[in-house]
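Number of protein chains: 2
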Amino acid sequence: MRWTPSRLPRCRAQNRTPTQPARTASSYSSASTLALDGQDVATVLDRKPDQHGTLQPTRVIGTVRTIRNQKRRSFVEIGDGSTSRSLQALLEPHQAEGLGTGTLVALIGTWQRSPPGKEQDYELQVEELNVIGPADAEKYPLQKKFHSTEYLRTIPHLRLRTPLNALLSRLKSECDYQLANYFRDHGFIRLQPPIITSSDCEGAGEVFTVSSNPDARHIGRADGSSLDGPDQFFREPKYLTVSSQLHLEAYMNEHTKVWTISPTFRADKSDTARHVSEFWMLEAEMRAEALSDIMTTVEDMIKHLLEGLRATNLVQELVTLKRRDGVKDVEIGQQVASLISERWAGLTERPWPSVTYSEAMEALKYATKSGAAEFKHFPTWQRGLQAEHERYVAKIFGQGSPVFVTEYPQLIKPFYMLPSNRESWYGSDKRATVACFDLLLPDGCEVVGGSLREHRLDYLSHAVQKCGLKDGKIDDGSVGLEARRSSENSNREWYLDLRRYGSVPHGGFGMGFDRLLGYLTGVPNIKDVITWPRYHGRCDC
Amino acid sequence: MRWTPSRLPRCRAQNRTPTQPARTASSYSSASTLALDGQDVATVLDRKPDQHGTLQPTRVIGTVRTIRNQKRRSFVEIGDGSTSRSLQALLEPHQAEGLGTGTLVALIGTWQRSPPGKEQDYELQVEELNVIGPADAEKYPLQKKFHSTEYLRTIPHLRLRTPLNALLSRLKSECDYQLANYFRDHGFIRLQPPIITSSDCEGAGEVFTVSSNPDARHIGRADGSSLDGPDQFFREPKYLTVSSQLHLEAYMNEHTKVWTISPTFRADKSDTARHVSEFWMLEAEMRAEALSDIMTTVEDMIKHLLEGLRATNLVQELVTLKRRDGVKDVEIGQQVASLISERWAGLTERPWPSVTYSEAMEALKYATKSGAAEFKHFPTWQRGLQAEHERYVAKIFGQGSPVFVTEYPQLIKPFYMLPSNRESWYGSDKRATVACFDLLLPDGCEVVGGSLREHRLDYLSHAVQKCGLKDGKIDDGSVGLEARRSSENSNREWYLDLRRYGSVPHGGFGMGFDRLLGYLTGVPNIKDVITWPRYHGRCDC
Numbered sequence: 000m001r002w003t004p005s006r007l008p009r010c011r012a013q014n015r016t017p018t019q020p021a022r023t024a025s026s027y028s029s030a031s032t033l034a035l036d037g038q039d040v041a042t043v044l045d046r047k048p049d050q051h052g053t054l055q056p057t058r059v060i061g062t063v064r065t066i067r068n069q070k071r072r073s074f075v076e077i078g079d080g081s082t083s084r085s086l087q088a089l090l091e092p093h094q095a096e097g098l099g100t101g102t103l104v105a106l107i108g109t110w111q112r113s114p115p116g117k118e119q120d121y122e123l124q125v126e127e128l129n130v131i132g133p134a135d136a137e138k139y140p141l142q143k144k145f146h147s148t149e150y151l152r153t154i155p156h157l158r159l160r161t162p163l164n165a166l167l168s169r170l171k172s173e174c175d176y177q178l179a180n181y182f183r184d185h186g187f188i189r190l191q192p193p194i195i196t197s198s199d200c201e202g203a204g205e206v207f208t209v210s211s212n213p214d215a216r217h218i219g220r221a222d223g224s225s226l227d228g229p230d231q232f233f234r235e236p237k238y239l240t241v242s243s244q245l246h247l248e249a250y251m252n253e254h255t256k257v258w259t260i261s262p263t264f265r266a267d268k269s270d271t272a273r274h275v276s277e278f279w280m281l282e283a284e285m286r287a288e289a290l291s292d293i294m295t296t297v298e299d300m301i302k303h304l305l306e307g308l309r310a311t312n313l314v315q316e317l318v319t320l321k322r323r324d325g326v327k328d329v330e331i332g333q334q335v336a337s338l339i340s341e342r343w344a345g346l347t348e349r350p351w352p353s354v355t356y357s358e359a360m361e362a363l364k365y366a367t368k369s370g371a372a373e374f375k376h377f378p379t380w381q382r383g384l385q386a387e388h389e390r391y392v393a394k395i396f397g398q399g400s401p402v403f404v405t406e407y408p409q410l411i412k413p414f415y416m417l418p419s420n421r422e423s424w425y426g427s428d429k430r431a432t433v434a435c436f437d438l439l440l441p442d443g444c445e446v447v448g449g450s451l452r453e454h455r456l457d458y459l460s461h462a463v464q465k466c467g468l469k470d471g472k473i474d475d476g477s478v479g480l481e482a483r484r485s486s487e488n489s490n491r492e493w494y495l496d497l498r499r500y501g502s503v504p505h506g507g508f509g510m511g512f513d514r515l516l517g518y519l520t521g522v523p524n525i526k527d528v529i530t531w532p533r534y535h536g537r538c539d540c
Numbered sequence: 000m001r002w003t004p005s006r007l008p009r010c011r012a013q014n015r016t017p018t019q020p021a022r023t024a025s026s027y028s029s030a031s032t033l034a035l036d037g038q039d040v041a042t043v044l045d046r047k048p049d050q051h052g053t054l055q056p057t058r059v060i061g062t063v064r065t066i067r068n069q070k071r072r073s074f075v076e077i078g079d080g081s082t083s084r085s086l087q088a089l090l091e092p093h094q095a096e097g098l099g100t101g102t103l104v105a106l107i108g109t110w111q112r113s114p115p116g117k118e119q120d121y122e123l124q125v126e127e128l129n130v131i132g133p134a135d136a137e138k139y140p141l142q143k144k145f146h147s148t149e150y151l152r153t154i155p156h157l158r159l160r161t162p163l164n165a166l167l168s169r170l171k172s173e174c175d176y177q178l179a180n181y182f183r184d185h186g187f188i189r190l191q192p193p194i195i196t197s198s199d200c201e202g203a204g205e206v207f208t209v210s211s212n213p214d215a216r217h218i219g220r221a222d223g224s225s226l227d228g229p230d231q232f233f234r235e236p237k238y239l240t241v242s243s244q245l246h247l248e249a250y251m252n253e254h255t256k257v258w259t260i261s262p263t264f265r266a267d268k269s270d271t272a273r274h275v276s277e278f279w280m281l282e283a284e285m286r287a288e289a290l291s292d293i294m295t296t297v298e299d300m301i302k303h304l305l306e307g308l309r310a311t312n313l314v315q316e317l318v319t320l321k322r323r324d325g326v327k328d329v330e331i332g333q334q335v336a337s338l339i340s341e342r343w344a345g346l347t348e349r350p351w352p353s354v355t356y357s358e359a360m361e362a363l364k365y366a367t368k369s370g371a372a373e374f375k376h377f378p379t380w381q382r383g384l385q386a387e388h389e390r391y392v393a394k395i396f397g398q399g400s401p402v403f404v405t406e407y408p409q410l411i412k413p414f415y416m417l418p419s420n421r422e423s424w425y426g427s428d429k430r431a432t433v434a435c436f437d438l439l440l441p442d443g444c445e446v447v448g449g450s451l452r453e454h455r456l457d458y459l460s461h462a463v464q465k466c467g468l469k470d471g472k473i474d475d476g477s478v479g480l481e482a483r484r485s486s487e488n489s490n491r492e493w494y495l496d497l498r499r500y501g502s503v504p505h506g507g508f509g510m511g512f513d514r515l516l517g518y519l520t521g522v523p524n525i526k527d528v529i530t531w532p533r534y535h536g537r538c539d540c
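Protein sequences appear in the order of chains A and B. Numbered according to numbering that gives the first Met the number 0, the first sequence spans residues 0 to 540. Numbered according to numbering that gives the first Met the number 0, the second sequence spans residues 0 to 540.
For the record, the hints were derived by calculation from the structure and aren't laboratory data. There could be a bad hint or two in this list.
Since copy identity is lost for identical chains, a pair holds within one copy or between any two.
Unchecked claim - Capping the alpha-carbon separation at 20 angstroms, the derived lysine to any residue pairs in SDA-like fashion look like this:
1. K138 - L495
2. K138 - S460
3. K70 - Q94
4. K302 - G345
5. K138 - R390
6. K465 - E76
7. K138 - D457
8. K268 - D539
9. K138 - Q124
10. K138 - A34
11. K138 - W493
12. K144 - A105
13. K321 - G536
14. K394 - D270
15. K117 - L35
16. K375 - K394
17. K144 - P236
18. K268 - E235
19. K268 - Q231
20. K138 - E492
Go ahead and model the full structure; you've got the sequences and the hints to work with.
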């Protein structure tokens with residue numbers, strides 16, 4: 000039989016939704032489509048109680064969290080990512096044979112009231128059990144016991160199945176959605192900025208370099224001379240972005256208000272609870288003349304986000320989540336729950352105070368002199384706020400709310416920030432400050448940083464020159480290291496073009512998505528908020 | 000006067016919205032907050048016509064696109080990123096002095112009906128003009144004339160100000176929003192997958208390597224031995240992700256349905272209209288037993304997206320946009336408009352056909368033999384579909400709609416795909432196919448690729464071993480290059496763990512966001528769809 004094109008094209012059935020069984024495109028889908036039919040655990044648990052105790056046939060798919068075998072029946076806790084709660088299933092002992100923690104099962108049974116006095120109101124009387132994905136319960140790395148955070152970090156691909164981590168994933172998803180709505184309602188457009196860049200917005204010492212040849216680092220010359228070898232994919236060295244700010248500024252000129260949530264990178268070796276080498280940052284740029292316009296947007300955005308999250312059941316889940324330390328589950332749970340409630344209240348119930356850097360410095364010095372506080376590092380204007388200083392400032396000025404610290408010294412901030420005194424040229428005054436802010440959470444963690452940007456060509460050119468490294472030689476030393484770094488290794492001409500042609504006063508901010516989330520959920524280390532944390536010496540999976 | 004902490008904290012005024020003038024945090028914001036008050040061009044243009052011709056005072060901020068000076072008045076076109084249309088402003092000649100293309104201005108005046116017979120219905124009679132951001136009109140790289148796409152690519156930071164590119168940015172933003180709603184409504188959660196990874200999902204030859212020391216590539220040993228030097232930030236070589244699929248699979252196990260839009264990278268030197276080295280990809284993974292479940296989701300998602308976009312005015316803007324070739328503006332515009340209308344119709348008005356790879360191959364061979372088509376490369380089963388073959392298949396089978404090509408040979412697809420015949424072990428049958436699809440747009444461009452994933456531990460382990468390079472030695476040669484590459488250099492144990500513990504049948508897909516956008520907007524080269532394209536030899540800004 001000869002083939003003719005007109006015979007062959009086959010259309011799949013119209014009007015099917017992804018959840019309906021589909022007419023399959025060809026013979027390979029011989030498996031039953033019934034096996035994966037079933038509800039998630041949240042859906043089953045959230046069923047309205049039936050007053051008359053009518054039996055309700057139910058099919059649920061989930062993972063076995065624990066099994067408790069008694070003589071005449073087995074109690075199995077079933078969970079999945081839809082909720083951090085679990086569902087109690089009752090099985091005949093023979094049904095539970097071979098079942099273990101970690102097994103993925105489909106259960107068919109009756110959703111019925113539990114006898115009075117039980118922890119749960121409803122339970123599943125199982126009639127049929129199908130094992131979808133077996134698991135070796137002995138070897139399964141997530142047992143029903145206390146696992147240290149350090150241990151869990153070694154298995155990120157399985158850690159995400161723990162109730163806390165699954166909740167974090169859902170929470171992040173919801174944050175993205177709420178933030179997207181906030182920005183859309185306020186006229187911002189969402190962008191996909193570049194990740195491989197020529198510029199290193201904050202500091203050349205901490206960028207990752209990108210090369211195309213995995214073996215390039217093994218190739219060298221005996222005399223140590225430079226090698227323009229196979230790794231020069233882009234002709235010159237390129238970096239992973241440390242911030243999308245400069246690129247967002249380009250869009251801002253045309254679109255007035257722009258934002259993004261995108262990955263950023265720091266080749267930072269410091270091992271703290273707040274630092275990782277890869278994190279998704281929320282950044283926004285907008286036309287603005289006053290720093291307070293930026294600060295107000297930040298406050299408004301975060302409060303809107305929390306309001307949106309409160310309207311879901313995620314917060315309720317957070318405070319009722321069982322957090323285990325292996326000994327005092329309930330107590331730990333209560334402690335975390337009250338910590339979280341307090342934190343959310345501090346963020347939402349009051350306007351957030353602001354304080355200038357100078358005022359903060361005065362307070363720190365006064366505290367040192369009066370003996371009200373002891374610091375490892377003596378606070379000085381030139382050196383900026385150390386972590387211990389930030390904690391103190393946040394506590395004293397924030398009183399449980401976040402606090403904006405504004406107007407930092409120019410010499411410790413990047414070159415692109417607008418001077419507080421707009422007549423002042425870059426580097427001409429060592430006491431000069433810039434129109435910027437850091438937002439400190441009550442625990443002292445810097446969660447947002449923002450500023451007005453220098454929008455005037457002549458002032459910005461001057462700052463770039465003043466900060467620039469030329470031929471490896473550092474300039475006259477009148478500028479600080481951070482400021483100097485921020486203009487190293489960069490092709491700044493395109494950035495100056497933005498001021499050369501139709502510039503406009505503007506500013507913006509960057510928010511550490513995961514730092515905020517860690518604070519809101521009471522997870523102290525950012526390495527446990529990010530599913531696959533990358534930091535010095537570690538990049539699993 | 001001694002400082003006391005209780006005196007200093009200052010609260011900013013409550014209940015301010017970002018658009019209201021704010022009480023500024025301190026003395027630095029001395030500038031008038033009036034300068035940036037004003038409407039965008041779209042808002043002014045979209046005002047409902049006033050039947051009585053009542054004069055309406057208006058303040059608008061935008062960029063001068065063109066100026067036409069006549070003896071008694073000057074006609075100035077004002078535009079911004081809010082719309083690709085522009086607004087006509089009428090100035091006294093003395094007001095227009097010194098104004099040039101690219102200048103950002105604030106105009107205060109009366110929004111009034113234009114005299115009959117004019118191109119526009121309304122115009123702005125300017126009373127006051129303020130220059131916010133001057134521009135040297137002579138040097139401004141965007142003049143009112145034809146600029147080649149090649150030229151525009153050299154100035155990505157300014158190209159984004161052209162009406163087409165500004166529209167593309169808004170369109171991307173809207174796509175993100177529509178897709179987020181689609182996935183949320185269908186129970187998917189949105190994730191932030193890792194960018195720096197250990198695995199190279201598709202092919203080790205095309206990954207970018209990440210190192211922390213920009214000078215690491217200049218360091219080597221004379222004997223060529225390997226160097227565990229300063230660039231080993233993560234202890235071992237790490238790559239920029241080529242796909243988030245493997246990580247999404249880990250989440251899928253717990254969350255059933257997951258998706259992301261995130262950046263992916265290929266160190267691919269091929270210079271075509273469809274390839275760049277960095278692009279944002281939409282990826283999704285879900286529980287599924289039949290390939291058609293995945294295909295139906297793809298079709299449903301894209302149709303929902305287009306429906307959402309049609310409800311905005313973006314599509315109308317697209318087809319009325321002036322596209323210039325310097326000679327025949329109107330004609331070009333009409334050609335593109337009808338092309339776009341045709342493309343949208345083909346995507347939305349019919350169910351999409353599907354065809355197997357074998358059937359497509361038969362059709363190609365028949366076409367070759369019968370002389371119906373001439374190909375540079377003779378179609379063979381082992382070599383897969385070349386671009387010219389894809390174009391032909393898309394044309395013949397798609398008839399203006401996208402077409403799913405399914406069940407490709409196993410040996411030319413990655414190791415993780417589920418065999419069409421589920422009993423067949425990896426590599427045991429050279430004619431074996433896998434449960435996968437490519438979605439070809441009517442122009443032959445592959446815009447989505449998806450498959451069911453091998454969810455069974457024993458089959459997957461076998462495939463990994465069969466594909467693996469061990470000690471640099473290639474195995475028995477029974478597997479193809481692409482298949483082999485896909486398991487090189489990777490730590491697969493964590494991926495096998497996903498099958499070891501509670502595995503579930505599933506599948507997913509990846510969609511080239513910018514490829515689809517290029518097709519929908521009639522922009523033929525992906526380098527002109529992505530604002531800052533990165534490709535071999537080029538990474539500007």
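Practice item. List in ascending order the numbers of the hints, as given earlier, that are violated by the structure. Key: 5, 6, 9, 10, 12, 13, 14, 15, 17
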